[in-house]
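Here the protein sequences come in this chain order: A and B. Counting from 1, position 2 in the first sequence corresponds to residue 1 in numbering that gives the first Met the number 0; the numbering is continuous, with no gaps. Counting from 1, position 275 in the second sequence corresponds to residue 274 in numbering that gives the first Met the number 0; the numbering is continuous, with no gaps.
By construction, these hints were calculated from the structure, which means they are not laboratory data. Since we're looking at a predicted model, the values are computed, not measured. Yeah, the Cβ is synthetic: ideal placement off N, Cα and C, and Gly gets one too. Heads up, some of the hints might be wrong.
[Claimed, not checked] Below, a list of computed lysine to any residue pairs in the SDA-like style, where the Cα atoms sit at most 20 Å apart: (1) B/LYS188 <-> B/GLY297; (2) A/LYS210 <-> B/LYS188; (3) A/LYS210 <-> B/SER60; (4) A/LYS210 <-> B/GLY297; (5) A/LYS200 <-> A/PHE238; (6) B/LYS210 <-> A/TYR61; (7) B/LYS210 <-> A/ALA58; (8) A/LYS210 <-> B/ARG81; (9) B/LYS210 <-> A/SER60; (10) A/LYS203 <-> A/PRO181.
[To be verified] Stretch-level coverage of chain B by chain A, calculated; a stretch enters the list once three of its residues show a Cβ under 8 Å from a Cβ in chain A: (11) 25 to 35; (12) 52 to 65; (13) 153 to 160; (14) 253 to 261.
2 protein chains.
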Amino acid sequence: MIPKTHRRVVLVRRPPGEVAESDFHIEEVPMPEPGPGQVLVRVVYLSLDPYMRGRMRDAASYAAPVGIGEVMTGGTVGEVVRSSHPGYKAGDMVEDRLGWQEYALGPGPAMRKIDPSHAPISLSNSLLGMPGMTAYFGLYEIGQPKPGETVVVSAASGAVGQVVGQLAKIAGCRAIGIAGGPNKCAFVKDTLGFDACIDYKAEKDLASAVKAACANGVDVYFDNVGGPVSDAVLANLNFYARVVLCGSISQYNTAEPGPRWMGTFVGKRTTARGFIVWDFNARYAPALRQMGEWVRSGRIKYKQDIVEGIENAPRAFIGLLRGDNFGKLQVKLGPDPTGR
Amino acid sequence: MIPKTHRRVVLVRRPPGEVAESDFHIEEVPMPEPGPGQVLVRVVYLSLDPYMRGRMRDAASYAAPVGIGEVMTGGTVGEVVRSSHPGYKAGDMVEDRLGWQEYALGPGPAMRKIDPSHAPISLSNSLLGMPGMTAYFGLYEIGQPKPGETVVVSAASGAVGQVVGQLAKIAGCRAIGIAGGPNKCAFVKDTLGFDACIDYKAEKDLASAVKAACANGVDVYFDNVGGPVSDAVLANLNFYARVVLCGSISQYNTAEPGPRWMGTFVGKRTTARGFIVWDFNARYAPALRQMGEWVRSGRIKYKQDIVEGIENAPRAFIGLLRGDNFGKLQVKLGPDPTGR
């Protein structure tokens with residue numbers, strides 16, 4: 000039975016610094032009715048990702064901001080519950096970007112059917128979705144790792160970081176993670192198989208810790224965090240190192256100045272390159288097939304941090320920006336019909 | 000007649016910040032005698048370049064530091080005055096890196112004969128030497144300019160900058176210079192043919208001035224200076240812009256923090272890449288032939304700032320770090336036998 004109403008999270012205030020729960024409002028609205036060519040989707044998993052902090056800002060960027068009073072954007076995995084679209088029927092599992100809401104009309108901007116027999120459907124929001132593709136193209140295309148090189152990744156137990164290190168191992172590299180706290184570090188090293196993991200919260204001199212962990216220096220730095228953690232890695236770059244600029248989560252709530260690295264990059268011949276995973280859209284299919292094989296064979300492991308209930312999305316998102324999550328953060332908005 | 004002694008400049012102190020004349024000592028030493036396979040070269044032109052500030056530092060870099068009591072390194076053009084080397088005879092004009100001294104034994108690390116009928120011999124230290132090659136490979140290989148794009152270069156009237164803008168025009172781009180003072184800016188625009196030149200000393204809001212001069216944004220930024228001037232350009236980058244990291248002269252005497260750009264580079268998909276011209280050594284020959292043609296045809300113009308006498312080298316170098324020079328700085332240590 001489809002209820003008469005559902006809940007969604009709208010943006011009500013643009014935070015100048017730290018995000019607060021009061022920046023969001025949870026509202027209950029009437030259930031929408033699919034028109035011709037539309038489907039009604041019940042969202043099962045909502046992906047929470049650091050890029051969403053950028054959408055809360057009223058600034059020109061690579062994507063439009065969320066308007067005040069609008070539903071927060073976000074990647075989703077859900078179940079078609081009604082369809083007036085010839086390509087979809089009730090019961091189909093679909094990936095899309097339908098936002099922070101329990102139900103939504105589709106097709107949205109990225110509707111794609113999922114075969115639940117391949118892998119748990121939540122992975123379409125993570126390892127077999129945007130974060131996984133970010134790791135894959137970021138490391139392999141931007142990072143250009145070569146066998147025997149040393150790859151360092153920050154936020155190493157996060158949605159992207161945990162994949163980067165495992166892909167680095169597959170490429171024949173040493174993989175060094177940086178994560179916050181002993182539990183995350185133990186997971187990164189013992190479960191994911193990184194060669195080492197540095198606990199940035201425990202190290203007084205992080206640059207020296209990176210140096211100690213990277214006896215041959217750093218050839219590829221996959222940067223998810225920016226700020227002082229990155230400074231510690233950048234101080235240890237080898238000649239011709241590649242810096243993969245994926246995110247700067249430590250800087251999303253602040254505008255603190257930092258050391259100027261451009262001068263160092265000259266003599267070291269560093270290449271620092273920013274990217275957005277969409278740029279590789281046309282090449283997702285083979286990459287997803289390869290990642291799917293690695294998941295099914297157990298070659299790649301993946302940890303998710305699943306919170307229940309849309310009412311907990313704002314708090315979970317705020318925790319994500321602080322690094323409180325352990326693994327890829329998702330919100331489960333309702334029962335998973337595949338039971339996985 | 001070859002004198003019995005000659006003068007040279009040695010490093011006597013590593014400056015922690017601003018360079019002072021007292022960091023150098025000018026000493027008079029006996030004239031060396033070429034052994035078998037050696038030549039004695041009278042240096043005519045000594046090139047003064049910003050990279051030399053790095054050699055005064057006792058830090059691991061892409062090149063070894065100058066030792067205390069050692070002759071300062073530097074590119075030179077000179078005349079062979081004695082030869083015990085089968086490949087050279089008295090009267091040959093040669094390019095090399097013989098350092099801050101009036102005479103030196105060669106062959107040094109980069110000895111190469113120059114044909115004075117092709118171009119003024121001093122150009123082998125500048126347009127047809129290291130600075131010219133830096134502009135050529137930095138812009139064309141690292142910058143990857145495309146017709147119709149906008150190229151911005153800082154230190155636009157300097158040894159490298161004046162070439163970068165002209166090469167950008169040859170590539171079909173808009174060329175915008177940044178330089179200090181109305182005379183330099185007028186030269187850059189009127190004589191060199193840049194589309195515009197911004198006087199960073201006159202602008203209160205440099206980022207807005209860059210924006211006004213670059214109606215379509217900045218596609219390539221060739222960075223010779225770093226620091227606040229670069230911040231103003233980086234604030235105006237287009238998506239997929241290339242930042243050619245050539246030098247950071249504004250930062251060589253300081254360690255002031257600055258804005259963190261890595262987060263911006265993510266969404267803009269910026270590529271910032273440092274380089275050293277030596278990396279392109281194997282490809283100098285065709286580039287030099289091309290540049291030589293452009294010079295002879297008048298397609299590329301070039302301004303030099305020639306100071307006379309080795310005793311003035313330290314003061315001229317200090318002025319270079321402050322941007323006092325106007326054009327490529329060289330020191331003429333003695334008469335130019337080609338008379339040009």
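Right, here's what the structure says about each hint:
no., hint, in the structure
1, B/LYS188 <-> B/GLY297, "16 Å, holds"
2, A/LYS210 <-> B/LYS188, "48 Å, violated"
3, A/LYS210 <-> B/SER60, "17 Å, holds"
4, A/LYS210 <-> B/GLY297, "52 Å, violated"
5, A/LYS200 <-> A/PHE238, "28 Å, violated"
6, B/LYS210 <-> A/TYR61, "19 Å, holds"
7, B/LYS210 <-> A/ALA58, "17 Å, holds"
8, A/LYS210 <-> B/ARG81, "51 Å, violated"
9, B/LYS210 <-> A/SER60, "17 Å, holds"
10, A/LYS203 <-> A/PRO181, "15 Å, holds"
11, 25 to 35, "violated (count 0)"
12, 52 to 65, "holds (count 3)"
13, 153 to 160, "violated (count 0)"
14, 253 to 261, "holds (count 7)"
The earlier numbered hints that this structure contradicts are 2, 4, 5, 8, 11, 13.
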